[in-house]
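So the sequence lines, in the order shown, correspond to chains E, P, H, C and V. According to our numbering, the first sequence is numbered sequentially starting from 272. According to our numbering, the second sequence is numbered sequentially starting from 272. According to our numbering, the third sequence is numbered sequentially starting from 71. According to our numbering, the fourth sequence is numbered sequentially starting from 71. According to our numbering, the fifth sequence is numbered sequentially starting from 4.
Among the hints, erroneous ones may be present.
[Claimed, not checked] Here are the computed lysine-lysine pairs in the DSSO-like style, where the Cα-Cα straight-line distance is at most 27 Å:
1) P/333 with P/296
2) V/155 with E/333
3) E/296 with E/333
4) V/155 with E/296
[Unchecked claim] Label pairs and their computed distance ranges (CB to CB):
5) C/273 with V/179: 37 to 47 Å
6) E/332 with V/17: 25 to 35 Å
7) V/24 with H/197: 30 to 40 Å
8) P/453 with E/339: 36 to 46 Å
9) P/382 with E/294: 33 to 43 Å
10) P/453 with E/378: 26 to 36 Å
11) V/175 with E/290: 40 to 50 Å
12) V/200 with C/199: 26 to 36 Å
13) V/204 with H/181: 48 to 58 Å
14) P/335 with H/163: 18 to 28 Å
15) E/332 with V/187: 48 to 58 Å
16) E/408 with V/19: 51 to 61 Å
Bear in mind the hints are in silico, worked out from the structure with no lab data behind them. The beta carbon of each residue, even a glycine, is placed where N, CA and C say it ideally should be.
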Amino acid sequence: MTGHSLIETSGLGAMRGDRVLFTNKSLTVDTGEICLLRGANGSGKTTLLRLLAGLIPIEAGKLNVNGAVHWLGHADGLKPHETPRRHLMHWARAWGSDVDIDAVLVRYGLVLAADVPATGLSAGQRRRSAFGRFALEDRPVWLLDEPFSALDDDGQTLIAEQISAHCARGGAVVASVHGVSPLQPDREITL
Amino acid sequence: MTGHSLIETSGLGAMRGDRVLFTNKSLTVDTGEICLLRGANGSGKTTLLRLLAGLIPIEAGKLNVNGAVHWLGHADGLKPHETPRRHLMHWARAWGSDVDIDAVLVRYGLVLAADVPATGLSAGQRRRSAFGRFALEDRPVWLLDEPFSALDDDGQTLIAEQISAHCARGGAVVASVHGVSPLQPDREITL
Amino acid sequence: MTGRAAPLRAAFYQALGEAWAGGAGVLLPAGFFAGAATLVPITFGPETAILAAAAPAVLWIALALASLVTMERLFQADLEDGALDLWAIGETPLSQIALVKTFAHWIVSGLPLMILAPFLGLILGIEASYWPRAAVSYGLGGLAFFFWGGFGASLAAGVRRGGLLIALIALPFYVPTAIFGALTVTSTVAMPPEAYLLAASTLFALAVAPFGMGAALRLGVG
Amino acid sequence: MTGRAAPLRAAFYQALGEAWAGGAGVLLPAGFFAGAATLVPITFGPETAILAAAAPAVLWIALALASLVTMERLFQADLEDGALDLWAIGETPLSQIALVKTFAHWIVSGLPLMILAPFLGLILGIEASYWPRAAVSYGLGGLAFFFWGGFGASLAAGVRRGGLLIALIALPFYVPTAIFGALTVTSTVAMPPEAYLLAASTLFALAVAPFGMGAALRLGVG
Amino acid sequence: MISYLANPYRFMAFSRYAVPICFAAAGLMIAFSVWQGLWVVPPERVQGDSARILFVHVPSAILTSASYSAMAMASFIWFVWRHELADIAAKCIAPLGAIYTALCLASGSIWGKPTWGTWWQWDDARMVSSLMMLFLFLGYMALRAAMDTRQKAARAGAILAMVGIINVPLIRFSVDWFTSLHQGPSLLRVDGPSMSAEYLTPLLVGIAGHALLFSALVFLSMRTEILERRAARARAAVLAGV
Ligand code: HEM
Ligand SMILES: Nc1ncnc2c1ncn2[C@@H]1O[C@H](COP(=O)(O)OP(=O)(O)OP(=O)(O)O)[C@@H](O)[C@H]1O
Ligand SMILES: Nc1ncnc2c1ncn2[C@@H]1O[C@H](COP(=O)(O)OP(=O)(O)OP(=O)(O)O)[C@@H](O)[C@H]1O
Ligand SMILES: [Mg+2]
Ligand SMILES: [Mg+2]
Numbered sequence: 272m273t274g275h276s277l278i279e280t281s282g283l284g285a286m287r288g289d290r291v292l293f294t295n296k297s298l299t300v301d302t303g304e305i306c307l308l309r310g311a312n313g314s315g316k317t318t319l320l321r322l323l324a325g326l327i328p329i330e331a332g333k334l335n336v337n338g339a340v341h342w343l344g345h346a347d348g349l350k351p352h353e354t355p356r357r358h359l360m361h362w363a364r365a366w367g368s369d370v371d372i373d374a375v376l377v378r379y380g381l382v383l384a385a386d387v388p389a390t391g392l393s394a395g396q397r398r399r400s401a402f403g404r405f406a407l408e409d410r411p412v413w414l415l416d417e418p419f420s421a422l423d424d425d426g427q428t429l430i431a432e433q434i435s436a437h438c439a440r441g442g443a444v445v446a447s448v449h450g451v452s453p454l455q456p457d458r459e460i461t462l
Numbered sequence: 272m273t274g275h276s277l278i279e280t281s282g283l284g285a286m287r288g289d290r291v292l293f294t295n296k297s298l299t300v301d302t303g304e305i306c307l308l309r310g311a312n313g314s315g316k317t318t319l320l321r322l323l324a325g326l327i328p329i330e331a332g333k334l335n336v337n338g339a340v341h342w343l344g345h346a347d348g349l350k351p352h353e354t355p356r357r358h359l360m361h362w363a364r365a366w367g368s369d370v371d372i373d374a375v376l377v378r379y380g381l382v383l384a385a386d387v388p389a390t391g392l393s394a395g396q397r398r399r400s401a402f403g404r405f406a407l408e409d410r411p412v413w414l415l416d417e418p419f420s421a422l423d424d425d426g427q428t429l430i431a432e433q434i435s436a437h438c439a440r441g442g443a444v445v446a447s448v449h450g451v452s453p454l455q456p457d458r459e460i461t462l
Numbered sequence: 071m072t073g074r075a076a077p078l079r080a081a082f083y084q085a086l087g088e089a090w091a092g093g094a095g096v097l098l099p100a101g102f103f104a105g106a107a108t109l110v111p112i113t114f115g116p117e118t119a120i121l122a123a124a125a126p127a128v129l130w131i132a133l134a135l136a137s138l139v140t141m142e143r144l145f146q147a148d149l150e151d152g153a154l155d156l157w158a159i160g161e162t163p164l165s166q167i168a169l170v171k172t173f174a175h176w177i178v179s180g181l182p183l184m185i186l187a188p189f190l191g192l193i194l195g196i197e198a199s200y201w202p203r204a205a206v207s208y209g210l211g212g213l214a215f216f217f218w219g220g221f222g223a224s225l226a227a228g229v230r231r232g233g234l235l236i237a238l239i240a241l242p243f244y245v246p247t248a249i250f251g252a253l254t255v256t257s258t259v260a261m262p263p264e265a266y267l268l269a270a271s272t273l274f275a276l277a278v279a280p281f282g283m284g285a286a287l288r289l290g291v292g
Numbered sequence: 071m072t073g074r075a076a077p078l079r080a081a082f083y084q085a086l087g088e089a090w091a092g093g094a095g096v097l098l099p100a101g102f103f104a105g106a107a108t109l110v111p112i113t114f115g116p117e118t119a120i121l122a123a124a125a126p127a128v129l130w131i132a133l134a135l136a137s138l139v140t141m142e143r144l145f146q147a148d149l150e151d152g153a154l155d156l157w158a159i160g161e162t163p164l165s166q167i168a169l170v171k172t173f174a175h176w177i178v179s180g181l182p183l184m185i186l187a188p189f190l191g192l193i194l195g196i197e198a199s200y201w202p203r204a205a206v207s208y209g210l211g212g213l214a215f216f217f218w219g220g221f222g223a224s225l226a227a228g229v230r231r232g233g234l235l236i237a238l239i240a241l242p243f244y245v246p247t248a249i250f251g252a253l254t255v256t257s258t259v260a261m262p263p264e265a266y267l268l269a270a271s272t273l274f275a276l277a278v279a280p281f282g283m284g285a286a287l288r289l290g291v292g
Numbered sequence: 004m005i006s007y008l009a010n011p012y013r014f015m016a017f018s019r020y021a022v023p024i025c026f027a028a029a030g031l032m033i034a035f036s037v038w039q040g041l042w043v044v045p046p047e048r049v050q051g052d053s054a055r056i057l058f059v060h061v062p063s064a065i066l067t068s069a070s071y072s073a074m075a076m077a078s079f080i081w082f083v084w085r086h087e088l089a090d091i092a093a094k095c096i097a098p099l100g101a102i103y104t105a106l107c108l109a110s111g112s113i114w115g116k117p118t119w120g121t122w123w124q125w126d127d128a129r130m131v132s133s134l135m136m137l138f139l140f141l142g143y144m145a146l147r148a149a150m151d152t153r154q155k156a157a158r159a160g161a162i163l164a165m166v167g168i169i170n171v172p173l174i175r176f177s178v179d180w181f182t183s184l185h186q187g188p189s190l191l192r193v194d195g196p197s198m199s200a201e202y203l204t205p206l207l208v209g210i211a212g213h214a215l216l217f218s219a220l221v222f223l224s225m226r227t228e229i230l231e232r233r234a235a236r237a238r239a240a241v242l243a244g245v
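Next up, chain E with everything else stripped away, as it sits in the complex:
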């Protein structure tokens, strides 16, 4: 771990409508680090993550993300009629990944649900499918919006392990959480 920074921001600010959500947020996340975002509902965690992901144009401040990003938002990204298998196959194709989809389905506990369309999946199964995307391609920066929501205890452990392993490989993680979380954060930011 050389510890160079994967995410550097300074003076970030965001408005929604007429409301100023936050101003002058600076954060740096180095390789191998986990940064947790905390804050009340509506305080702007999702907004900050979307800024980091480049989904929202930056209006104030500077942002530098050195590396490709994996994104997990509140919405899981499955189309209504997509099955977990098809979802992973689709993104594997899009990203040119040749990871074994069946192995991913097994690892994320989706074997029984692999061919159920998203409208029939349980909330946790949808979340697991979305996480399955992270196994398709190795990307240094993971941006996670409430990664543990809808997951059962096994699922939470699994994801926490994946996150630790990712950091051990030199990745960086920014995640928003509420309440207790199974992660050992290196940094915490409260919005």
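With chain E fixed as given, assemble chains P, H, C and V with the ligands onto it according to the hints.
Only chains P, H, C and V with the ligands this time, still in chain E's reference frame:
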């Protein structure tokens, strides 16, 4: 508290597709009681709750729910362009409730977001709006599917308090949860 | 205080707001109106006889499509965002909720087309004596279209290939109404027998479709 | 291994599947076809001359509406279910994704109409020599319609009154194509100058609309 | 000039004087052309007195395209350089452009009735493309109004305005490409105007007058918009506790 039962089931079973989710589930929830549903992702908690709510037709077993039901599902029930205020006004009108909507908005911390359409609300604000419906009308049975998801610490405390107060008034609560929860359950069922 | 009418009134207002906010409401009449009014003459060329003869048919097709399209998303959206669960929990039968919602959508998307029809007639050079009868026919026919469209939509909500299903389910029901409607509009006598048949087909839709919708939505939430 | 084409290929297949699963794809051509083929002769009566003259216009309107309706939900659904975020994170420009998706939807919903046109012509008694030119015109015009419809839909995604907006935004862009297209179909010479203008307007749509869509979708995720 | 004025403060200083001057000049020039057009110029050889509507129709028709082009250009400037003033300009041009387009359509229709015997002809490409211009302006305004934030409104509007610029050449060349009722260009021709001088002079003065009136109105509404945005910003700052 007379302790008569608000929910009585015996031998409930459910299938989804070709898959048998659970069979022969019996549970009884008396007035003033909290029953927590636990279980892995996809084990059938949502399905059981929907059975109790009468949303899914019963295929095996017996079910008796003595009293009107408040429902909180994975989906919050807000239409995309509805603001929290309009959402509450709509259901107040539908249920013939004359509760003061502004007071509900204050109680659930939705003052700043009261007039933001649902597409702009944060996940927690949407959840809080859905909870606001519970304040519109007094109904003995509350069925809650992962009630604490997306809520911040304040929100979780608030909802836990509301649930305790509801039980103290003689209501019954069945809620599915993952991991630690701020509720003191009287019963726990694992699927 | 609650009363049986309160939920229906609430559903009606919500559906009105939805139809308006979603835009599909005024979109369709306005879009079809503008579209038909511009495209029809452009594509027909200046021969006004053809124009006048074709206009009623084009309007019937526009009306049928407006209803199909408006209703397609209606119940599916309710299913996805959880609003349908809330209605299903309540005591009011889903058939009544569906009836009221469908009616609200007809008011927003079907009624304007009926009101615009005379203007379209003016632009397209149809004789003025035809307008009142035509407007009433479009009103009645549109109502039947919306109810059958709603029936198809409620069956197809939450199902793969929903759109295709709607078309397959609703089209057979559309045909009698469309035929009687078209014959009523183009008939040369003032009160042709087809007008009664049109009215009868609309009544039939109003009487039967809501129960179908209620049952289908029950199925959808399950 | 990745290559620049891989994401586009994936998006294309996904959109094809979606269009088919959503059903609106085949619904519309089928519905229009059935509707036009049954209603037009009924309302026009037995005068086949009028029938034949009106048919191309009816088809153009059907094509325009089919494109509007198909595209309306396309990007809005992507926005709601989070799929658009995933595309926006990647390196492939959104304009290319939008182009490919629109093209896939045209294949499912626009192309069948073009293929069905000769059959409709047969039913409505249009001379056989017209068919090939008509089919090509519907193909080209439909492509332009889908791209402009997609442009309007991407601008209006996630917005109140989206539907109305789409119609209002797309209509001005439809008109040149509709004019050239109708003139091409009804022209008496084999290769009228309007055919080139039609092709030019389609090319223009293909060249410009994707960038508009890309920029609009970028705005939508923000 | 444009980059000089891109600073809102300079624009406010400049427009404080420009607005009344433009209004005054526009009033004089429009009055002159109307006076000439209604009382001085002799009736047209073929059309008689109805041709006098020329002095309304042609200026409004030219401003239709000109205002759209200006709006598209302002949108482009905003899109590339993010000068807020350009966005304000585009936003303020739209309703005025719509009004002038409506005026062009109305005066054209009124003129068409005695001359061609019809208010409206659907297969005339110029009429239809002018109507589409009105829809474009309305669509632009509706799109901006539908966006929940100002930044989104600006971006969405700019995208639409830039793409819609195709309609301008379409209007211009529609009479060359199609056989249409509407006459071909008589003013802006490669071989110079083909119009008698007694018509040409008041017409040109009228065009200039309407252009000045248009500018004055745009500047005025831009000033209002700038003041409103300053007020909104002050409110947001208070809210944020700055
Ligand atoms: C609704 C009907 C009409 C519309 C929408 C319309 C539209 C236009 C437009 C957009 C222009 C400007 C073209 C450019 O910028 O190059 C124009 C110019 C003009 N129009 Fe019309 N017009 C209509 C009816 C008429 C009628 C009835 C007449 C007279 C017979 C007429 C005479 C003219 C003349 C003389 C010009 C100036 C041509 C030039 O110098 O370029 N217009 N019209
Ligand atoms: N048009 C608008 N006008 C005013 N406020 C708005 C508007 N659109 C969004 N907002 C506010 O912007 C905020 C968005 O917050 P964001 O989604 O980033 O919160 P969050 O920290 O992720 O919350 P949660 O914990 O609930 O997920 C919300 O407070 C919302 O009310
Ligand atoms: N058509 C189908 N074929 C097979 N299985 C299906 C089908 N439709 C749904 N299922 C399964 O039914 C189950 C539904 O479970 P349910 O939503 O009740 O789970 P849950 O306990 O609420 O899970 P979570 O904790 O993730 O919310 C899932 O395991 C799903 O895969
Ligand atoms: Mg959030
Ligand atoms: Mg569940």
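The hints, checked one at a time:
1. The suggested pairing of residue 333 of chain P with residue 296 of chain P holds, with an alpha-carbon distance near 10 Å, which does not exceed 27 Å.
2. Distance check on the hinted pair: residue 155 of chain V and residue 333 of chain E sit about 20 Å apart at the alpha-carbon level, within 27 Å; holds.
3. Distance restraint check for residue 296 of chain E and residue 333 of chain E: the Cα-Cα separation of roughly 10 Å lies within the 27 Å cut-off, and the hinted pair is therefore satisfied.
4. At most 27 Å may separate the alpha-carbon atoms for a hinted pair to count; residue 155 of chain V and residue 296 of chain E meet this at roughly 23 Å.
5. Between residue 273 of chain C and residue 179 of chain V the beta carbons are some 20 Å apart, a value that contradicts the proposed interval 37 to 47 Å.
6. At roughly 32 Å, the beta carbons of residue 332 of chain E and residue 17 of chain V sit within the given window of 25 to 35 Å.
7. In this structure the hint that residue 24 of chain V and residue 197 of chain H lie 30 to 40 Å apart at CB is violated, the actual value being about 56 Å.
8. The given range of 36 to 46 Å is respected by residue 453 of chain P and residue 339 of chain E, whose C-beta atoms sit roughly 38 Å from each other.
9. In this structure the hint that residue 382 of chain P and residue 294 of chain E lie 33 to 43 Å apart at CB is violated, the actual value being about 21 Å.
10. Distance hint check for residue 453 of chain P and residue 378 of chain E: the Cβ-Cβ separation is about 32 Å, which falls inside the suggested range of 26 to 36 Å.
11. At about 45 Å, the CB distance of residue 175 of chain V to residue 290 of chain E agrees with the hint of 40 to 50 Å.
12. With their beta carbons about 54 Å apart, residue 200 of chain V and residue 199 of chain C fall outside the hinted range of 26 to 36 Å.
13. Checking the proposed 48 to 58 Å range against residue 204 of chain V and residue 181 of chain H shows it holds: the Cβ atoms sit about 54 Å from each other.
14. The hinted range of 18 to 28 Å is satisfied by residue 335 of chain P and residue 163 of chain H, whose Cβ atoms lie roughly 21 Å apart.
15. Checked against the hint of 48 to 58 Å, the C-beta distance between residue 332 of chain E and residue 187 of chain V comes to roughly 56 Å, which is consistent with it.
16. The hint said 51 to 61 Å for the Cβ distance between residue 408 of chain E and residue 19 of chain V, and at roughly 59 Å that hint holds.
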